[in-house]
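A.B. asks: Residue numbers (my numbering), protein chains in the order written: chain A, 1 to 180; chain B, 181 to 235.
It cannot be assumed that every hint is accurate.
Simulated crosslink set (DSSO-like; lysine-lysine; CA at most 27 Å straight-line) [claimed, not checked]:
no. : chain 1 : residue 1 : chain 2 : residue 2
1   : B       : 206       : B       : 220
2   : B       : 214       : B       : 196
3   : B       : 185       : B       : 196
4   : B       : 220       : B       : 208
5   : B       : 220       : A       : 121
6   : A       : 121       : B       : 196
7   : B       : 196       : B       : 206
8   : B       : 214       : B       : 228
9   : B       : 185       : B       : 206
10  : B       : 220       : B       : 196
11  : B       : 208       : A       : 121
12  : B       : 214       : B       : 185
13  : B       : 185       : B       : 208
14  : A       : 73        : B       : 185
15  : A       : 73        : B       : 220
16  : B       : 228       : A       : 73
17  : A       : 73        : A       : 121
18  : A       : 73        : B       : 214
Read the hints as simulated data drawn from the structure, not as lab findings.
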Amino acid sequence: MAQISIAGDTSGAITIAAPSVAGTNTLTLPANTGTVLTTASTFGGTGPAFSAYNSAATALSAGTTTKVLFATKEFDTNSNFASSRFTPTVAGYYQLNASVFVSANDAVLLTVISQGNGNSKSGSAVNIATPSQQCSVISTIMYFNGTTDYAEVYAYSASAVNTLNGTQYTYFQGALIRSA
Amino acid sequence: MLYDKIISIYPELSEKDFNPFTGTIKLKNDSDGKGDYIAKWEHPTLAKPTEEQLA
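Generate the whole structure from the sequences, applying the supplied hints.
C.D. replies: Below is the structure:
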């Protein structure tokens, strides 16, 4: 039988609680040293997540990089999405997805996830011949400092077009996958 | 639109000049009601249009 040693506590109490249901519960620790639990506010499984979509078309001027508007939120677990901008208040690494559709196949569409700190990730368009559309999708991982970093979606089109609005067409999503 | 005004001043410009990654000119619109603006003008030979030219 190995010894159980609790180190590092200075005051208060340490409580190991069992669920309030009948049964046997086993906590198995790995044969490694490290942090296996962290606070709920920073743990990836309970971190911020949002999904919003373009519910009214955004007009993209020709030759202009235009901020895409996502007026309708499907969910925003930590209230970090406002004015089509995601500003997470928990530092860490976030998976971000963005999709922009337009009803034109000659638009030379490019989509950019832009961070306030100057970083950006881009995706180019794929033509959809029937119906005549273009779709530009980005899937990326970005670090946010939890205070000033934010992300917005911009789209560039060589010709003047409107985004195709709807939750399945033009959307912006993100979730914490690893705390800082 | 700003793009059309610039093209009318400099017809020799093409779409490639405005590409946000490879072009030397970047037009931007932050969808805040303030409209299109020139965010970057680094064209090697053509001067940035003046406000009077764009009016």
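A.B. asks: Are the hints correct? Go through all of them and say.
C.D. replies: Status of the hints after comparison with the structure:
Using a Cα cut-off of 27 Å, the hinted pair residue 206(B) and residue 220(B) holds, with the two alpha carbons roughly 5 Å apart. Using a Cα cut-off of 27 Å, the hinted pair residue 214(B) and residue 196(B) holds, with the two alpha carbons roughly 25 Å apart. A hinted pair counts as satisfied when its Cα atoms are at most 27 Å apart, and residue 185(B) with residue 196(B) qualifies at roughly 16 Å. A C-alpha spacing of about 9 Å is found between residue 220(B) and residue 208(B), which places the hinted pair at or below 27 Å, so the restraint holds.
A threshold of 27 Å between alpha carbons decides the hint, and for residue 220(B) with residue 121(A) the separation of about 18 Å falls inside it, so the pair holds. Restraint check: the Cα-Cα separation between residue 121(A) and residue 196(B) comes to about 19 Å, which is no more than 27 Å; the hinted pair holds. A C-alpha spacing of about 11 Å is found between residue 196(B) and residue 206(B), which places the hinted pair at or below 27 Å, so the restraint holds. In summary, the hint linking residue 214(B) to residue 228(B) is supported, as the alpha carbons are separated by about 20 Å, within the 27 Å threshold.
Only pairs whose Cα atoms come within 27 Å are accepted, and residue 185(B) paired with residue 206(B) is accepted, the gap being roughly 14 Å. A hinted pair counts as satisfied when its Cα atoms are at most 27 Å apart, and residue 220(B) with residue 196(B) qualifies at roughly 14 Å. Taking the CA atoms of residue 208(B) and residue 121(A), the gap is near 17 Å; set against the 27 Å cutoff, the hint holds. Taking the CA atoms of residue 214(B) and residue 185(B), the gap is near 17 Å; set against the 27 Å cutoff, the hint holds.
Under the criterion of a C-alpha separation no larger than 27 Å, the hint pairing residue 185(B) with residue 208(B) is consistent with the structure, at around 14 Å. A C-alpha spacing of about 36 Å is found between residue 73(A) and residue 185(B), which places the hinted pair above 27 Å, so the restraint is violated. For the given pair, residue 73(A) sits about 32 Å from residue 220(B) by alpha-carbon distance, which is inconsistent with the 27 Å threshold. Note on residue 228(B) and residue 73(A): the hinted pairing is violated, with a Cα-Cα distance of about 40 Å set against a maximum of 27 Å.
A threshold of 27 Å between alpha carbons decides the hint, and for residue 73(A) with residue 121(A) the separation of about 22 Å falls inside it, so the pair holds. Restraint check: the Cα-Cα separation between residue 73(A) and residue 214(B) comes to about 24 Å, which is no more than 27 Å; the hinted pair holds.
Figure legend: structure checked against the earlier numbered hints; hints not met, in rising order: 14, 15 and 16.
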